[in-house]
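For this one, chain A is given, so just place chain B with the ligands on it according to the hints.
So the protein lines, in turn, are chains A and B.
For any residue, its number in our numbering is found by taking its place in the first sequence, counting from 1, and adding 121.
So in our numbering, spot 376 of the second sequence is number 368, and the numbers just go up one at a time.
Coverage of chain A stretches by chain B, computed from C-beta distances (three or more under 8 Å per stretch; other residues unrestricted): (1) 158 to 168; (2) 180 to 186.
BS3-like, lysine-lysine: derived pairs with alpha carbons at most 27 Å apart: (3) K127(A) / K387(B); (4) K163(B) / K224(B); (5) K172(A) / K200(A); (6) K380(B) / K350(B); (7) K377(B) / K127(A); (8) K126(A) / K377(B); (9) K227(B) / K86(B); (10) K200(A) / K391(B); (11) K126(A) / K(-3)(B); (12) K384(B) / K126(A); (13) K246(A) / K169(A); (14) K400(B) / K246(A); (15) K127(A) / K384(B); (16) K263(B) / K215(B); (17) K164(A) / K391(B); (18) K164(A) / K400(B); (19) K208(A) / K172(A).
I should point out that these hints are in silico values taken from the structure, not numbers from a laboratory.
Every residue gets a Cβ at the ideal spot worked out from N, C-alpha and C, and that includes glycine.
One-letter residues, chain by chain:
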Amino acid sequence: MNYSKKVINHFTHPHNQGVIKNPDGVGMVGNPTCGDLMKIYIKVKKNKNKKEIISDIKFETLGCASAIATSSMITDLAKNKPLDEAKKITRNDVAEALEGLPPVKMHCSNLASDALGEAIKDYEKKN
Amino acid sequence: MANAKKIYLDYAATTPTDREVLKTMLPYFNIEFGNASSLHSFGRNAMDAVAEARKKIARFFDAKEDEIIFTSGATESNNLAIKGILRAYQKNTKNIGKIPHIITTAFEHSCILKTCQKLEEEGSAEITYLPVYSNGIVKIKDAQNAIKENTLLISAMYANNEIGTVQPIAKIGKLLKNVNKNRQQKIFFHTDATQAIAYFDCDVKKLGVDLLSMSAHKIYGPKGVGILYVKKGTKITRIQDGGDQEFSLRAGTLNTAGIVGLGKAIEILQKTKGRDAKKVNDLRDYLIKKILKEIPAARLNGSRIKRLPNNANFSFSNVEGESLLLYLDAEGIACSTGSACSSGSLDPSHVLLAIGLKPEQAHGSLRVSLGKYTVKKEVAIFITKLKKILQKLRKVSGKVLQEYYSQKNI
Ligand SMILES: Cc1ncc(COP(=O)(O)O)c(C=O)c1O
Ligand code: FES
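Just chain A, with the same shape it has in the complex:
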């Protein structure tokens, strides 16, 4: 099993890693039994056109290299995106942006899109 350079880069130097204090939305998915837990924090602001955009996003992840890399990548993909566009990010988008994932690791990218989805849902529920 080999990871792409991009996966290794995101894994060793993850983007947007950390916590947002007073986040507008939080999503946590995964299960320690299978080894992965992923948590995504978002801040939402309205832009000039009154569209809600993800102004800040951070993650915390307990998991394998692929889980950390997909967390990092999804935060990159979602940052500064309108909510309705961010919702549409699929696991394939994440995997493609990472120049592919080994087949057994595809479920880690699932987690990333699920965690983002949960964070947005959480925001929408509160607002």
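Relative to the frame of chain A, chain B with the ligands by itself:
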């Protein structure tokens, strides 16, 4: 070692071939290259070399020469031991319609476990898996209680490959000696000694085993060669059909170079065993002590005392093993993990689960195994790097695990 900058701490996976061993093997590839079964001088020279190796190996195990069967390694030896004993049993007309019983342990190497599971599925044997408890050691009492009228074989590993814990093989041997006195169906005793060879006494008489498996590459010999010791009189049948090599127990052209290499590796081991074991044991103790003292939320898996002198297996909370392994690898350090994420199966190590670890503890495991070329400086560098990496990965995972559990409890 060849790669001075890198640090190899995965000797339980395999060892580098000793330079002396390699030198001894080389002529058997292109000079004395004959097929050991051929009658001409090329063949005879090859067979002489095989006989010489067999003699050294037999001496090491306190066995007779015709009790040593060369194989392609422990996987094959284990398969031959179990399936060969079973087949001999089935071939006996007295046993028609009977299903024999095999006892093994819950944390054998996959080549034993999967063989047993398959026999169970096929309906050709009943299997009992002995528990190994939190210290990773079977209880004699459990073995004794598991014995039934139709028990045919006990197969128990000498030392576990992941957590290094040592099983009371000689005691089981003694138990069976007594039990077998008043039984119709003799219980054969097999041990997978692959990990133990380099460090523990492997005198087959003292152990009281009928069968013993090992691989050369765990003792500074080449890969793809090993032996099955088969005590004289053991009712076993070949499982691979073909030529009549190895007393008709294992068909196939002999791997002359590999066998010569195994012979040399055993010869060196016999001379250096005690000394190397002591050195490795001291280094390993230093490693365990320092890690448990200086790294928070670290635990040692398996018995502290009854374990291979070269093995340390830890679980670190709030990290996942594959991540840990790859960060270490990026620093040029090679270790191993029982995390599922590195195996592609999604289930964490059956060994760590068998000793009662929670899945997340198994996922956060790291096996560090030392060898005769390991030096203190490498261990010290490893610990320094490990600390930094754990800090980083624990920052990445934050408190997700604790939060997961507190949410679940609401
Ligand atoms: C205890 C044990 N048994 C069997 C094996 C299999 O050895 P090989 O891969 O050389 O056949 C190993 C090696 O990983 C082992 O550690
Ligand atoms: S976290 Fe285990 S496979 Fe990704």
